[in-house]
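Chains as they are written, first to last, in the numbering used here: chain A, 1 to 87; chain B, 1 to 351.
Don't take each hint at face value.
Claimed, not checked - Listed next, the in silico SDA-like pairs over lysine to any residue satisfying Cα-Cα at most 25 Å (straight line):
hint, chain 1, residue 1, chain 2, residue 2
1, B, K229, A, F16
2, B, K229, A, I7
3, B, K277, A, I78
4, B, K258, A, S19
5, A, K38, A, D64
6, B, K229, A, V26
7, B, K102, B, E259
8, B, K102, B, G112
Unchecked claim - Cβ pair distances, simulated, as ranges:
hint, chain 1, residue 1, chain 2, residue 2, range
9, B, K137, A, K41, 50 to 56 Å
10, A, L69, B, K193, 46 to 52 Å
11, A, L69, B, E312, 51 to 57 Å
12, A, K41, B, M1, 47 to 53 Å
13, B, K4, A, K41, 55 to 61 Å
14, B, I327, A, E62, 39 to 45 Å
15, A, L69, B, R144, 36 to 42 Å
16, A, K70, B, D234, 32 to 38 Å
Note that these hints are calculated values from the structure, not bench results.
Just so we're clear, the structure is a prediction, and the values are computed from it rather than from any experiment.
By construction, the Cβ of each residue, glycine as well, lies at the ideal position given by its N, Cα and C atoms.
Residue strings, one per chain:
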Amino acid sequence: MNIRNNIALSDSGFLFDPSTGDSFSVNPIGMEIIRMIKGGKTDPEIRQYLLSTYQTDEATIEKDYYDFLKMVEQFHLIEKTDGKEKD
Amino acid sequence: MEKKKINVAISGLNNVDSPGPGIPVIRALRESKLYDVTIIGLSYDSYEPGLYMEGMTDITYQIPFPSAGQEALLNRLSYIQQHYPIQVLIPNFDAELFNFIKLADRLKKEMGIHTFLPTVEQFEERHKANLPEWGRKYNIAVPRSQMIHSVYEIANLHHSYTYPLVIKGKYYEAGIAYNHDQAVGHFNKISAKWGLPIIVQEFLKGTEVNVTAIGDGKGNMIGAVPMRKQVITDKGKAWAGITLEDSTLLDFAAHLFKETHWKGPCELEMIRTAEGKLYIIELNPRFPAWVYLAVGAGQNHPEAIVSMALGETVTPFTTYESGKMFIRYSWDLICDLKSFEVISTRGELKL
Chain A
1 MNIRNNIALS
11 DSGFLFDPST
21 GDSFSVNPIG
31 MEIIRMIKGG
41 KTDPEIRQYL
51 LSTYQTDEAT
61 IEKDYYDFLK
71 MVEQFHLIEK
81 TDGKEKD
Chain B
1 MEKKKINVAI
11 SGLNNVDSPG
21 PGIPVIRALR
31 ESKLYDVTII
41 GLSYDSYEPG
51 LYMEGMTDIT
61 YQIPFPSAGQ
71 EALLNRLSYI
81 QQHYPIQVLI
91 PNFDAELFNF
101 IKLADRLKKE
111 MGIHTFLPTV
121 EQFEERHKAN
131 LPEWGRKYNI
141 AVPRSQMIHS
151 VYEIANLHHS
161 YTYPLVIKGK
171 YYEAGIAYNH
181 DQAVGHFNKI
191 SAKWGLPIIV
201 QEFLKGTEVN
211 VTAIGDGKGN
221 MIGAVPMRKQ
231 VITDKGKAWA
241 GITLEDSTLL
251 DFAAHLFKET
261 HWKGPCELEM
271 IRTAEGKLYI
281 IELNPRFPAW
291 VYLAVGAGQN
301 HPEAIVSMAL
311 GETVTPFTTY
321 ESGKMFIRYS
331 WDLICDLKSF
341 EVISTRGELK
351 L
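Chain A with its partners taken away, still in its complex shape:
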């Protein structure tokens, strides 16, 4: 999975999609996740970072992290290749 290149994320967590004009707000953890994805971090790396940084457990991360990713996908913020969305 990769966030589309033209998606802009500001320091305040404001996310703008210039191809649709849609804008979103993400919380600080959402911002971190988006930045890590954009920075090329892998799925296990991101989950490990969240687990070690925040007081939480694997089951909660499993649920919330994938819920967040699904939302990102539904809003078409994922880069497409050959007409398909990248995993």
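Place chain B on chain A using the hints.
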């Protein structure tokens, strides 16, 4: 570089909740880096707010309604020409365009007034009623549609269409009908206001995107800025919008200009379906009221139209800023009754 002094006539000063493009076009020209403009406003009604807005027109003249005919318009322009010689004229109302297009040659030869307008054929063939044929001719995707002249024809629509349908007026207004009764309601309301025929159009589910663009009449797109409406009024007009970065929209628009050789400004109203396919639902033959957003994003289309009207070569715009927004606002302008009296009785007003 010293700016060139020029007199430009502009119509469409009805800066109301469903605004004409006149004031945005004037603002664009006032910000021109090439021209030092004197603006001659052309109005139809004493209540057009643009008449009373400081810093917009230098003088405004009332002109006869389009139904008065071309000779009446020519006579009025001839009068204006003796007082404020117009060098370039940019008409901004759909309903007045036919007369100005027909008179374009005479305006230039007899009065030295330059325009940059589509040809009669280009203007006529993109009418809502002719859109399916136009789409076939130029290989441009358009929704299925047909004209109807009687309310009784609605009963037979279910043979070829499924609801919802878009019921459109010849010039303005449209409504979405989810069943026969609603279609009849829209037909009666719109035809009472704008006459017949009524256009019945397939409803395409998707996102509406619009492009303000200009063509040189030789197949080239000189500028184009796409926008998505963010806030829409009850009349379907954009109250806020944002520029988009989307090469597919620009490619689609460039294809349209290449095929049609459209000359002058236009607004492309499009629907992008969930599958990403683009359809033209309307081609408006003039600047849209939101054209000032294009200026804010880096493309001064009205300035380019003035240059092209004067026969100068304009380098096509290649960039603009995406994510640039506009938000309209309303403002109670306090005006002197004297101004209203002057424009109403003498047909001309200088603030």
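Going down the list of hints, with the structure as the test:
no.	hint	verdict
1	B/K229 - A/F16	15 Å, holds
2	B/K229 - A/I7	19 Å, holds
3	B/K277 - A/I78	19 Å, holds
4	B/K258 - A/S19	24 Å, holds
5	A/K38 - A/D64	19 Å, holds
6	B/K229 - A/V26	23 Å, holds
7	B/K102 - B/E259	23 Å, holds
8	B/K102 - B/G112	15 Å, holds
9	B/K137 - A/K41: 50 to 56 Å	52 Å, holds
10	A/L69 - B/K193: 46 to 52 Å	50 Å, holds
11	A/L69 - B/E312: 51 to 57 Å	53 Å, holds
12	A/K41 - B/M1: 47 to 53 Å	51 Å, holds
13	B/K4 - A/K41: 55 to 61 Å	56 Å, holds
14	B/I327 - A/E62: 39 to 45 Å	42 Å, holds
15	A/L69 - B/R144: 36 to 42 Å	39 Å, holds
16	A/K70 - B/D234: 32 to 38 Å	35 Å, holds
Checked against the numbered hints above, the structure breaks none of them.
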